[in-house]
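Asker: Sequence:
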Amino acid sequence: MKTQTKKISKRIFRIIGAVLLVLAVAAITAVLVFFLTYRAQLSKLDNSKGVENSIYSEQFKGKKVMVLVPHEDDDLLIAGQVLPEIYKNGADTRIVFVTNGDKFFTARQRQDEARDSLKTLGIPKDKLIFLGYPDGGTIFINKSGKPEKSFSSGLDHTNSGKHFVDYHFSKYGTHAEYTRQNVLNDIKDVILDYCPDYIIAIDFDDHRDHRGVSMSFEEVMGNILREKKDYKPVVLKCFGYSSAWRANPDFYQLNIKSVHKPAKDRLNDPIYETDVPQYNWSDRIRLPVYSGAVSRSILKCPDYKALSKHLTQFAYTLADRIINGDMVYWNRRTDSLIYDADITVSSGDAKLLNDFKLVSTDKTIPQKTKFSGCVSSFNKNDKEKVVTVKFRSPQNISCISLYDDYDLNRNILGGTITFSDGSIIDVPNLNANGSETRIEFAPKEGITSFTFKVTSFEGDTAGLCEIEAFEKADYDLGFSFVKIKNADTDDYMYNYFVEPDTSELILGISSSDTRMNCSLKVVDGSGVKLNGNKLEFDSVFRKCTVRAEVEGHPEIFDQITITRLSAKELQKYYKFQETDKKMFKADVKWLKFENIIKNGQFDSYLIDLLKKLEQNIEKEIYN
706 MKTQTKKISK
716 RIFRIIGAVL
726 LVLAVAAITA
736 VLVFFLTYRA
746 QLSKLDNSKG
756 VENSIYSEQF
766 KGKKVMVLVP
776 HEDDDLLIAG
786 QVLPEIYKNG
796 ADTRIVFVTN
806 GDKFFTARQR
816 QDEARDSLKT
826 LGIPKDKLIF
836 LGYPDGGTIF
846 INKSGKPEKS
856 FSSGLDHTNS
866 GKHFVDYHFS
876 KYGTHAEYTR
886 QNVLNDIKDV
896 ILDYCPDYII
906 AIDFDDHRDH
916 RGVSMSFEEV
926 MGNILREKKD
936 YKPVVLKCFG
946 YSSAWRANPD
956 FYQLNIKSVH
966 KPAKDRLNDP
976 IYETDVPQYN
986 WSDRIRLPVY
996 SGAVSRSILK
1006 CPDYKALSKH
1016 LTQFAYTLAD
1026 RIINGDMVYW
1036 NRRTDSLIYD
1046 ADITVSSGDA
1056 KLLNDFKLVS
1066 TDKTIPQKTK
1076 FSGCVSSFNK
1086 NDKEKVVTVK
1096 FRSPQNISCI
1106 SLYDDYDLNR
1116 NILGGTITFS
1126 DGSIIDVPNL
1136 NANGSETRIE
1146 FAPKEGITSF
1156 TFKVTSFEGD
1166 TAGLCEIEAF
1176 EKADYDLGFS
1186 FVKIKNADTD
1196 DYMYNYFVEP
1206 DTSELILGIS
1216 SSDTRMNCSL
1226 KVVDGSGVKL
1236 NGNKLEFDSV
1246 FRKCTVRAEV
1256 EGHPEIFDQI
1266 TITRLSAKEL
1276 QKYYKFQETD
1286 KKMFKADVKW
1296 LKFENIIKNG
1306 QFDSYLIDLL
1316 KKLEQNIEKE
1326 IYN
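In the numbering used here, each number is its position in the sequence shown, counted from 1, plus 705.
Derived by calculation from the structure, the hints in this document are not laboratory data. Please read all numbers here as calculations on a predicted model, not as lab measurements. Careful: at least some of the hints might be erroneous.
[What the hints assert, rightly or not] Below, a list of computed lysine-lysine pairs in the DSS-like style, where the Cα atoms sit at most 27 Å apart:
{"id": "1", "residue 1": "K1303", "residue 2": "K1277"}
{"id": "2", "residue 1": "K848", "residue 2": "K1005"}
{"id": "3", "residue 1": "K962", "residue 2": "K1005"}
{"id": "4", "residue 1": "K933", "residue 2": "K1062"}
{"id": "5", "residue 1": "K1010", "residue 2": "K769"}
{"id": "6", "residue 1": "K934", "residue 2": "K876"}
{"id": "7", "residue 1": "K934", "residue 2": "K1062"}
{"id": "8", "residue 1": "K824", "residue 2": "K766"}
{"id": "9", "residue 1": "K969", "residue 2": "K766"}
{"id": "10", "residue 1": "K1085", "residue 2": "K1062"}
{"id": "11", "residue 1": "K1248", "residue 2": "K1234"}
{"id": "12", "residue 1": "K1286", "residue 2": "K1273"}
{"id": "13", "residue 1": "K832", "residue 2": "K1303"}
{"id": "14", "residue 1": "K893", "residue 2": "K1062"}
{"id": "15", "residue 1": "K1297", "residue 2": "K867"}
{"id": "16", "residue 1": "K1056", "residue 2": "K851"}
{"id": "17", "residue 1": "K768", "residue 2": "K830"}
{"id": "18", "residue 1": "K1005", "residue 2": "K1277"}
{"id": "19", "residue 1": "K1177", "residue 2": "K1010"}
{"id": "20", "residue 1": "K1273", "residue 2": "K1234"}
{"id": "21", "residue 1": "K933", "residue 2": "K766"}
{"id": "22", "residue 1": "K1095", "residue 2": "K1158"}
{"id": "23", "residue 1": "K754", "residue 2": "K808"}
{"id": "24", "residue 1": "K1056", "residue 2": "K1075"}
{"id": "25", "residue 1": "K754", "residue 2": "K824"}
{"id": "26", "residue 1": "K808", "residue 2": "K1239"}
{"id": "27", "residue 1": "K769", "residue 2": "K876"}
{"id": "28", "residue 1": "K876", "residue 2": "K808"}
{"id": "29", "residue 1": "K754", "residue 2": "K966"}
{"id": "30", "residue 1": "K966", "residue 2": "K766"}
{"id": "31", "residue 1": "K854", "residue 2": "K867"}
{"id": "32", "residue 1": "K754", "residue 2": "K1095"}
{"id": "33", "residue 1": "K893", "residue 2": "K937"}
{"id": "34", "residue 1": "K766", "residue 2": "K1234"}
{"id": "35", "residue 1": "K1085", "residue 2": "K1158"}
{"id": "36", "residue 1": "K808", "residue 2": "K768"}
Make the full structure from the sequences, and use the hints.
Answerer: Right, dumping it as C-alpha cells:
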C-alpha cells in the first residue's frame, strides 16, 4: 500500500513538474515574443534613414564649448540633446559644476553619477570640472564675507569626492573657503583658463542655486568683458526648470514635441513670458537636437540613459518632460562697445547700465521673488534724465540697444540720442517688459561719445536696465542651421508621422538667421507634391523625404522623412506607445529600487519632505 502511494505521489509530482515546466517555457516564450515584437516594431518606427541636419557636422570642430551649471544633472537639462554631438564632432568641451549637489547626498555620490551619466553620452570624465561649492545655501547672495558650511558634510571649503579634485585646489594647491567672492573668483578663473568660444549657462529659473549661479555668471561675465576687451564669447542662457524639469509631459504623442511656452503658474512672475522679464519667447534660439537623440521609445533616448545614472535625483522619472524636439536658448551678446566706455548719469546708478546683468535679487527664495539692483532709475525730481557714454577710443557704431525698466508701470515713451558728430536720432517708446529695443541707423564712424535723453515717460519715474552699442547690428553666432517644422504646431520635425486621412501638411522653416533664403524640395517619394510650403498627398502616398537648404549654401540643410500611417499601423503605433510607457514606468520603479540598494534612499517623498521643511524654515528666517 505504501509502495503504491509513493508511486502515485511521484506521478503527481511529475505531472505538476511537467505542468510548471510547460508554464515556465510558455511564459519565457511569451516574454521573448513580446520583446522581439517590441524590438521589431521599434526598429521599424525608429528608422532614421533620411533624417539629417548639418548643424553638428563641421561647425563646432576645433571650437571650445563650456557648459556652466549648478548641479550634477543640470547639464542634461540645458544641453543633453545637443552636447554629445557637439563633442563628437570635434569641440573641445568642458562641463563645469559649481556645487557638489551635496544638500542631501555626498559629493562623491553626485560627482560619480555625473561621470557615469556623461560617459553614456560619450563624454569622458576628464572633461568634467567641479568647483566644489555647497548645494542649497545662501552662498551666492551672502555678502557678509563669512564662510558658510555645507549642509551635509559640515565643511566650509571647496572639496570633492574620491575620484576628482576641486578646481580651486587643482589650480592653487589649496581649497577655497565657502564665500560668495570665492565663487565669483573661481567662475571667472575657469572661464579665463579655457576662454571658451561658446558658453552655455543656466538661467534664472525656479531654483535657488540656478538663480544664484545665473546671477554670479552674469556678474563675472560683465567684469570679464570690461577687463579682457578681445574676448567676446557666444553666450547662450537656458532655463533648466521651465524648459525641462517642469515642462509638459508630452513625450508620448504621435510625434515628438518641441519646448513650448511655459505655463504662467510656473513662472516667477506670470505677467512676463519667462522667468527673465526681458526675454521675448519669439526671440529664443531653437537648436535642433541631433537625430540620435530622437527615439520613439523613451528607453532608447540617450538623454534618458544619461538621466538614469543620476539615481539620487529622480530626474529620470521626468524624462517625458525633459526630452524634447529642440533645445531653447537666449543669446546674450558680448560684443557691446559700452564695456570699453565710461558711463555717467544725471541721476541713478551708472554701474548697472553695463554690468551684463538683466535681473538680480537679494533673495533667491521663495519661488515668487522680487528683483532688485538691476535697474538704474532716474530720480523723480531729475529734469534732465540723461545717460552719457564716453568711449576710450573712437568707435564705429550702427546700432544702440536700450533695455527699459521691466516694471510695466514705468515706461520710457520717447527720447533722443545725440552723437559726438552732432547727429541726433529720435528714440520711440521702449519695450515695456525691458526687452531689447534696437535702434539701427546708417554706420557712424569715429564716434567718441553719445548721450541718451529721456523726453517722455509714464509712471512715477523712468529707468534703464542695460545700454549697449554695436559696430554691427547683426550678430554672428558662429554657426548656421535651418530646421523644418510643422507650421501649424511650431514643432520641429524629424521622422514624422501623419494620420491616414491627412491630405496636406503645411511646413515652416526655422533658421539661425532670418535673412537667409531657404528652399524646400521633395527628395524622394511618390504621391506627394510640394506647392510652396504646402505638401499635398494623394491616395497612394506612403513616405517621402523633404529637404530644406539655404540658397547658395547647400551645405546648410535639414532633411526629414514623412510617413503616412494606415489606420492599422496607427493603431499598432498607439499600442506600441502604451507598451513603451508601461516599460518606462517599470524601469523607473527598478531604478528607484536600485537607488534603495545603492544609496539607501527609500523614495523621493523623503527628499521632498526635507525640502519642504527646509523651505518653511527659510521663509521664517526671511520673514
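Asker: Run every hint past the structure and note whether it holds.
Answerer: Comparing the hints with the structure gives:
Between K1303 and K1277 the alpha-carbon distance is near 38 Å, which puts this suggested pair outside the 27 Å criterion. Between K848 and K1005 the CA atoms are separated by roughly 46 Å; this puts the pair beyond 27 Å, and the hint is violated. For a cut-off of 27 Å, the pair hint linking K962 to K1005 stands: about 17 Å separates their Cα positions. For a cut-off of 27 Å, the pair hint linking K933 to K1062 stands: about 17 Å separates their Cα positions.
Taking the CA atoms of K1010 and K769, the gap is about 26 Å. The hint holds against a cut of 27 Å. Proximity of K934 to K876 is assessed by CA-CA distance (about 24 Å); at most 27 Å being required, the pair is judged to hold. Annotation: proposed proximity of K934 to K1062 holds, straight-line Cα distance about 18 Å (limit 27 Å). Distance check on the hinted pair: K824 and K766 sit about 20 Å apart at the alpha-carbon level, within 27 Å; holds.
Between the alpha carbons of K969 and K766 the distance comes to roughly 39 Å, so the proposed pair goes past 27 Å and is violated. Straight-line distance between C-alpha atoms of K1085 and K1062 comes to about 24 Å, which keeps the hinted pair within the 27 Å bound. Straight-line distance between C-alpha atoms of K1248 and K1234 comes to about 12 Å, which keeps the hinted pair within the 27 Å bound. At roughly 20 Å between alpha-carbon atoms, K1286 and K1273 fall within 27 Å of each other, so this suggested pair holds.
Taking the CA atoms of K832 and K1303, the gap is near 26 Å; set against the 27 Å cutoff, the hint holds. Proximity of K893 to K1062 is assessed by CA-CA distance (about 15 Å); at most 27 Å being required, the pair is judged to hold. Between K1297 and K867 the alpha-carbon distance is near 24 Å, which keeps this suggested pair within the 27 Å criterion. As the CA atoms of K1056 and K851 are separated by approximately 25 Å, the hinted pair is consistent with the 27 Å bound.
For the given pair, K768 sits about 19 Å from K830 by alpha-carbon distance, which is consistent with the 27 Å threshold. A distance of roughly 19 Å separates the Cα atoms of K1005 and K1277; the hinted pair therefore holds under the 27 Å criterion. For the given pair, K1177 sits about 43 Å from K1010 by alpha-carbon distance, which is inconsistent with the 27 Å threshold. With a C-alpha separation of about 25 Å, the suggested pair K1273 and K1234 falls inside the 27 Å cut-off, and the hint holds.
Restraint check for K933 and K766: satisfied, since their Cα atoms lie roughly 25 Å apart, inside the 27 Å limit. Straight-line distance between C-alpha atoms of K1095 and K1158 comes to about 15 Å, which keeps the hinted pair within the 27 Å bound. For a cut-off of 27 Å, the pair hint linking K754 to K808 is broken: about 45 Å separates their Cα positions. Distance check on the hinted pair: K1056 and K1075 sit about 20 Å apart at the alpha-carbon level, within 27 Å; holds.
For the given pair, K754 sits about 26 Å from K824 by alpha-carbon distance, which is consistent with the 27 Å threshold. At roughly 53 Å between alpha-carbon atoms, K808 and K1239 are farther apart than 27 Å, so this suggested pair is violated. At most 27 Å may separate the alpha-carbon atoms for a hinted pair to count; K769 and K876 meet this at roughly 20 Å. For the given pair, K876 sits about 25 Å from K808 by alpha-carbon distance, which is consistent with the 27 Å threshold.
Taken as a hint, the K754 and K966 pair is broken in the structure, with Cα atoms around 31 Å apart against an allowance of 27 Å. Restraint check for K966 and K766: the C-alpha separation of about 32 Å exceeds 27 Å, so the hint is violated. With a C-alpha separation of about 20 Å, the suggested pair K854 and K867 falls inside the 27 Å cut-off, and the hint holds. A threshold of 27 Å between alpha carbons decides the hint, and for K754 with K1095 the separation of about 57 Å lies outside it, so the pair is violated.
The straight-line distance between the Cα atoms of K893 and K937 is roughly 14 Å, inside the 27 Å bound, and the hint therefore holds. A distance of roughly 37 Å separates the Cα atoms of K766 and K1234; the hinted pair therefore is violated under the 27 Å criterion. For the hint pairing K1085 with K1158, the CA-to-CA distance comes to about 15 Å; that is within 27 Å, so the pair holds. Restraint check: the Cα-Cα separation between K808 and K768 comes to about 34 Å, which exceeds 27 Å; the hinted pair is violated.
Violated hints for the displayed structure, listed by number in ascending order: 1, 2, 9, 19, 23, 26, 29, 30, 32, 34 and 36.
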